[in-house]
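Chain order of the listed sequences is E and H. Using our numbering, read the first sequence as starting at 1 and increasing by one per residue. Using our numbering, read the second sequence as starting at 1 and increasing by one per residue.
Just so you know, the hints here were simulated from the structure itself, not pulled from any lab data. Hints are not guaranteed to be accurate.
In silico DSBU-like links for lysine-lysine, alpha-carbon gap of 35 Å or less [stated by the list, open to error]:
1. E:Lys-389 with E:Lys-203
2. H:Lys-78 with E:Lys-203
3. E:Lys-99 with E:Lys-479
4. E:Lys-479 with E:Lys-286
5. E:Lys-346 with E:Lys-479
6. E:Lys-439 with H:Lys-7
7. E:Lys-233 with E:Lys-467
8. E:Lys-134 with E:Lys-254
9. E:Lys-203 with H:Lys-126
10. E:Lys-286 with E:Lys-254
11. E:Lys-254 with E:Lys-203
12. H:Lys-78 with E:Lys-389
13. H:Lys-78 with E:Lys-439
14. H:Lys-129 with E:Lys-389
15. H:Lys-78 with E:Lys-233
16. H:Lys-126 with E:Lys-389
17. H:Lys-126 with E:Lys-233
18. H:Lys-238 with E:Lys-346
19. E:Lys-286 with E:Lys-233
20. E:Lys-99 with E:Lys-203
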Amino acid sequence: MDIFLEGLSQVANISTVLWMSIGSVLGILLGALPGLTATMGVALMMPISFQLPAATGIGLLLAVYCGAVSGASIPAILLGIPGNPNAIATVEDGLLMTKRGLAGQALGGAVVASFIGGIGSLICLVLFSPLIAKMTLAFGPAEKTTLALVGLVVIASVSGDNIWKGLLMGALGMGLAFLGTDPYSAQLRIPFARYLATTPLAKGIDLTSALIGLFGISQVFLEMRRINLPAQKVPEVKIDNIFPSFRKILGMWKIILSSLGIGTLIGAIPGTGASIAVFMAHNSAKAIAANSKGKLDMPGTGVIEGVFAPEVANNAVTGGALIPALALGIPGDAATAVLIGALMIKGVTPGFHLFSTNMALVYAIFITMFIANVFMAVFQLAGVRIYPKVLNVPPQILMPIILILSFIGAYAIAGQATGVAIYNMGIALVMGLVGYFLKRDGYPIAPIVLGLILGGMFEENFRRAVKLAGGNYLVFFTKPICLLFIAFSILSVVLPIIARRRRGGKA
Amino acid sequence: MLFQNRKPLPVVFMILAVLYFVYVVGSGSSQMIGDELGGDPGGMLLPMVLSIFMFIASVYLFITDRPAADRKPVRLGKEERQLFLLTIVVAIGYVFLSRLLGFILSTSLVLFSLSFANLRAGLFRKDCKVWLVGLVSTTVLILGVYSAGRVTTRSLLMAGRQGAIPAWLGSTGMVVFLTLLVVSALIVMLLVLTRTRFSVEHSGAAVHSMWLSAMVSIISVEFLYLVFRQMFYVELVKGLITW
């Protein structure tokens with residue numbers, strides 16, 4: 001109880017509440033703007049979170065994350081364009097409801113559903129993450145090496161439609177993580193070491209700048225390609241009857257529970273993400289409605305059931321994705337990968353160590369997650385008539401601002417060291433260009449982030465394990481947990497390849 | 001023939017993997033003395049394995065990943081290409097020149113120029129004069145707003161230290177808040193005074209775009225300055241502005 005109160009004290013202050021309110025509103029706005037993702041929002045807010053105490057900073061990022069996931073439903077319902085892939089399954093029923101004059105009910109229903117999904121998955125997070133973290137107590141360097149391998153391989157194999165592209169990106173991320181100084185011998189591992197030894201690059205690639213470049217700057221370049229396309233006008237719709245009746249919500253309990261389960265579970269599997277969960281939840285809702293003997297309306301025909309299912313699921317992904325992130329240090333999706341990066345910059349390493357040495361911070365994270373969901377619901381409902389107006393902001397103005405915000409973010413991480421700050425801006429720009437070309441050709445970005453984050457953990461534990469085994473590389477095949485992880489890694493590569501071959505697609 | 005109908009990125013990765021491999025081999029062992037006995041594989045083993053894997057994966061993608069026959073590649077129009085290149089050039093310029101010009105000047109110039117070019121949907125010779133007038137006006141206005149903010153901040157901090165105002169009024173948070181109020185009041189005044197004068201109907205599309213870009217630039221730069229410099233003490237380079 002004392003530890004819980006200590007965690008609460010880290011959160012219960014004006015600064016945290018204020019920053020989380022700002023984060024929540026910003027997240028909703030970002031989510032509402034088509035093309036801007038939750039991951040990008042979290043990456044852009046990282047430099048600000050860096051300046052705040054750990055709990056407040058994480059609270060700010062979680063508020064942006066939850067807000068952006070929920071805010072994506074606004075353009076999905078009003079325009080039929082999802083703000084980001086999280087709301088892709090909300091389009092069908094949301095847009096039909098708008099056309100039937102039920103936009104208010106759809107927008108309000110989406111918020112209520114997001115809140116239920118967020119809080120439900122938070123309960124799962126609170127229940128399961130300490131248990132999973134406890135399991136890692138038995139992990140030595142060999143197990144940790146293979147665990148990092150699982151994280152890398154799984155996310156590479158499920159993100160994108162070509163497994164080789166994912167694996168190549170994971171390798172690229174690891175390659176970037178290895179740049180800098182050898183953690184054991186302190187030898188420089190950068191090309192042109194004679195010239196770069198005295199530069200900040202000698203310490204390796206700055207993670208925050210790389211993330212800002214990959215998710216912020218690259219998106220600006222990508223959006224420039226369609227900047228002259230005619231903007232879609234927000235229809236003049238009457239937004240009223242926002243709250244769905246309590247009876248209606250209770251009547252959908254089966255849909256809510258199934259979507260919650262799907263969202264949390266899919267979120268907890270590294271790399272799968274909300275876009276898979278929302279379609280599964282929508283399909284499951286259809287099956288439930290078909291067996292309801294007419295008590296529920298059929299999703300897909302412009303009904304609240306069809307908005308509720310994907311919206312519960314996508315916000316359930318937020319809590320689900322945090323389960324492996326906090327317990328194992330393996331992020332569930334790209335946004336949680338950025339969150340882990342933010343924790344690591346603060347000197348906090350997720351996993352059992354975090355649960356055993358800094359449980360107060362873990363509680364603080366749980367509490368901020370709760371507040372983030374409450375704020376998301378309150379601010380989105382309060383501004384349900386205002387947020388749609390954001391869709392009228394022309395991208396011609398928005399993109400230059402995001403570009404500058406990205407650069408300032410990369411700069412600000414260095415604080416007082418202006419020389420390092422300029423290098424950081426350079427890293428962000430280079431990574432932005434790299435990210436642009438990769439995204440343009442369909443290469444997934446998430447595995448690069450995983451490689452960058454897990455590369456260090458993988459190398460450190462790999463070398464320690466081999467060293468402890470007296471140079472025996474077969475040590476990884478002598479421990480049951482390692483064998484389990486290796487088998488899981490192999491299966492996660494082989495099974496998607498077989499499945500895609502059967503469908504007649506590419507590996 | 002071999003390179004016909006292929007995507008360029010796998011080739012880039014192949015070259016990258018080869019260069020990485022050559023670099024790793026050329027770097028030699030990173031084992032410390034005595035590590036041969038201790039069993040440390042050294043810091044170059046994993047990079048070498050990675051480079052080999054990257055080469056194999058990129059060769060595989062080179063062979064298998066071809067553009068879909070039924071899908072035509074997206075060709076950018078002349079204006080989009082210009083805007084895209086302008087964004088890249090301006091971004092590179094910003095990284096290299098921000099130290100020399102300083103945060104306030106470089107950021108406002110970049111924001112104004114990019115917003116203006118985007119709003120005009122391309123780079124046109126006929127817009128040059130308007131762009132130049134806008135650039136000068138933005139610089140003058142941002143210097144005015146920035147200076148007003150600096151004077152407010154310094155006066156409040158000084159008064160707080162000398163005890164001329166209550167201590168809470170001279171605290172960092174309050175000073176930032178009051179400076180934000182002063183700066184916001186100035187900007188709102190500027191907006192109200194110029195809005196009608198620079199409307200599309202009154203002054204034409206080009207001048208309206210110039211006004212909008214200038215306002216966006218001034219508001220964003222001053223707000224970012226207040227948040228990062230005054231609230232979080234990030235050392236934003238002063239460059240040519242010494243006050």
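Satisfaction of hint between E:Lys-254 and E:Lys-286, Cα-Cα up to 35 Å: holds (11 Å)
Holds or violated: E:Lys-233 to E:Lys-467, with C-alpha atoms at most 35 Å apart: With Cα atoms ~63 Å apart, E:Lys-233 and E:Lys-467 exceed 35 Å; violated.
Holds or violated: E:Lys-346 to E:Lys-479, with C-alpha atoms at most 35 Å apart: Cα-Cα ~33 Å, so holds.
Hint consistency between H:Lys-78 and E:Lys-233 [alpha-carbon to alpha-carbon, up to 35 Å]: holds (25 Å)
E:Lys-389 paired with E:Lys-203 [C-alpha distance capped at 35 Å]: This hinted pair is violated, its Cα atoms lying about 45 Å apart.
Given hint E:Lys-203 paired with H:Lys-78 - CA-CA distance at most 35 Å: violated (41 Å)
Satisfaction of hint between H:Lys-7 and E:Lys-439, Cα-Cα up to 35 Å: holds (13 Å)
H:Lys-126 paired with E:Lys-233 [C-alpha distance capped at 35 Å]: Given pair H:Lys-126, E:Lys-233 holds - Cα atoms ~29 Å apart, limit 35 Å.
Hinted pair H:Lys-126 and E:Lys-389, Cα distance within 35 Å: Roughly 33 Å between the alpha carbons, so the hint for H:Lys-126 and E:Lys-389 holds.
Pair hint H:Lys-78 and E:Lys-389, alpha-carbon separation not exceeding 35 Å: Roughly 31 Å separates the two Cα atoms, so the pair holds.
Proposed proximity, H:Lys-126 with E:Lys-203 (alpha carbon, max 35 Å): At roughly 48 Å apart (the allowed maximum being 35 Å), H:Lys-126 and E:Lys-203 break the hint.
Satisfaction of hint between E:Lys-203 and E:Lys-254, Cα-Cα up to 35 Å: Not satisfied, since the Cα-Cα distance of roughly 52 Å exceeds 35 Å.
Comparing the model with each earlier hint shows violations of hints 1, 2, 3, 4, 7, 9, 11, 20; every other hint is respected.
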